[in-house]
Amino acid sequence: MKQQICILGSTGSIGTQALEVIAEHNDRFEAYCLTANNHVEQLAQQAKRFRPAAVVIANEDKYEQLVDLLADCPDVKVYAGAQALCDIVESQPIDMVLTAMVGFAGLAPTIHAIKARKKICLANKETLVVAGELICDLANKYHSPILPVDSEHSAIFQSIVGEGDNEIEKILLTASGGPFRQKTLEEMRTMTASDALKHPTWDMGAKITIDSASMMNKGFEVIEAKWLFGVEADRIQVLVHPQSIVHSAVQFHDGAVKAQLGVPDMRLPIQYAFTYPDRLPMTGERLDFFRQPLEFFEPDMDKFKCLALAFEALRRRGNAACVVNAANEVVNLAFRQGRIGFLDMGDIIEKTLNKATVIAAPTYEDYIQSDTEARRIAQELIDIN
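Numbering (the working numbering), first residue to last: 1 to 385.
No lab work stands behind these hints, which were simulated from the structure alone. Be aware that one or more of the hints could be misleading.
Cross-link-like lysine to any residue pairs, in silico, SDA-like; alpha carbons within 20 Å at most [to be verified]:
1. 303 x 188
2. 207 x 190
3. 303 x 197
4. 62 x 45
5. 170 x 246
6. 351 x 375
7. 119 x 267
8. 351 x 382
Taking CB as the label site, the calculated pair distances span [stated by the list, open to error]:
9. 161 x 23: 21 to 29 Å
10. 198 x 23: 25 to 33 Å
11. 115 x 2: 33 to 41 Å
12. 116 x 198: 35 to 43 Å
Ideal Cβ positions, reconstructed from N, Cα and C, are used throughout, including at glycine.
Generate coordinates for the entire structure from the input sequences, incorporating the hints supplied.
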């Protein structure tokens with residue numbers, strides 16, 4: 001029997017590469033459901049090629065257009081809206097859900113998928129950033145495995161496979177450093193969204209690429225690592241590694257370090273999450289150790305305030321990371337629209353964190369309220385900036 005996969009966010013970078021994996025191993029996998037937020041024409045094209053049982057467009061205004069585009073595919077059911085995303089992941093035939101949506105919107109459908117006891121292939125980092133403790137508790141309660149898809153967390157996971165209860169002394173989380181690694185603080189002040197979108201090694205969506213430039217993306221990965229691997233922030237070290245060959249590593253309490261290396265290709269961690277514990281063949285470039293050196297640098301926390309704020313959110317606990325994520329989504333968009341400068345993003349997130357209501361032990365409803373409040377505060381700060 002083919003494994004039935006639901007892809008939340010099939011039109012994004014992760015989603016499209018996941019479909020490449022499914023196409024390459026169509027004897028093992030089948031797309032049961034594909035979803036998108038706004039990219040209705042791309043979603044329709046994917047549906048015509050992969051013939052899923054259902055598609056969901058989150059933006060309800062696009063529903064009629066999607067129905068028209070798929071008029072010649074009567075076997076593909078069409079749904080729309082945020083609730084439809086939550087409902088579809090509970091479908092009985094689904095074996096695994098790839099959560100590749102960007103932002104806070106991925107939290108609710110991920111919770112529904114966990115409660116439906118689906119295998120979660122996690123590419124939506126905001127889910128654990130916003131509500132890591134809640135998600136981990138639910139995954140344990142409903143026996144829903146969470147397999148990381150981010151290249152860094154997949155690398156950490158691959159490094160600890162077979163290690164049993166051996167103690168992790170330190171997680172070494174690598175970062176490319178983004179396009180501004182060698183820029184001065186003064187130069188970064190004048191960088192535009194166009195500059196920030198020129199990532200040196202990875203091909204990602206606009207929001208994530210901006211997060212990479214500010215290193216907020218890496219900050220979120222620090223928070224994710226804490227929840228995925230049960231390691232506190234003081235045992236997570238970020239290493240700037242421009243070549244993006246060592247995807248991350250683990251140092252054990254005997255001093256041994258295990259790392260996962262490979263060319264920058266997101267299909268590998270996607271496929272590994274789908275097939276774990278098996279490894280299937282994959283076409284593509286292979287790593288050539290003779291072609292380039294491997295370099296590592298310490299990140300500059302003064303230049304990259306967003307990374308420092310992620311560590312601060314972990315220190316504060318409670319709803320702090322939820323506030324940081326919400327404020328970041330607002331400032332990221334404002335920067336892309338040219339309404340604030342690059343360095344303004346970190347400043348506004350910091351002010352939002354200090355203004356927002358502190359909740360020590362948040363519930364799901366608290367996370368919703370914190371997200372709303374933080375977005376309002378951040379937007380007000382942008383308007384007076």
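Structure-based check of each hint:
1. 303 x 188: holds (8 Å)
2. 207 x 190: holds (19 Å)
3. 303 x 197: Holds. Residue 303 to residue 197 sits at ~18 Å (cutoff 20 Å).
4. 62 x 45: holds (15 Å)
5. 170 x 246: It holds: about 16 Å lies between the C-alpha atoms, which stays within 20 Å.
6. 351 x 375: holds (12 Å)
7. 119 x 267: holds (18 Å)
8. 351 x 382: At roughly 11 Å apart (the allowed maximum being 20 Å), residue 382 and residue 351 satisfy the hint.
9. 161 x 23: 21 to 29 Å: Given a distance of about 27 Å, which is inside 21 to 29 Å, the answer is holds.
10. 198 x 23: 25 to 33 Å: holds (29 Å)
11. 115 x 2: 33 to 41 Å: For residue 115 and residue 2 the Cβ distance comes to about 24 Å; the hint is violated.
12. 116 x 198: 35 to 43 Å: Because 40 Å falls inside the window, the suggested range holds.
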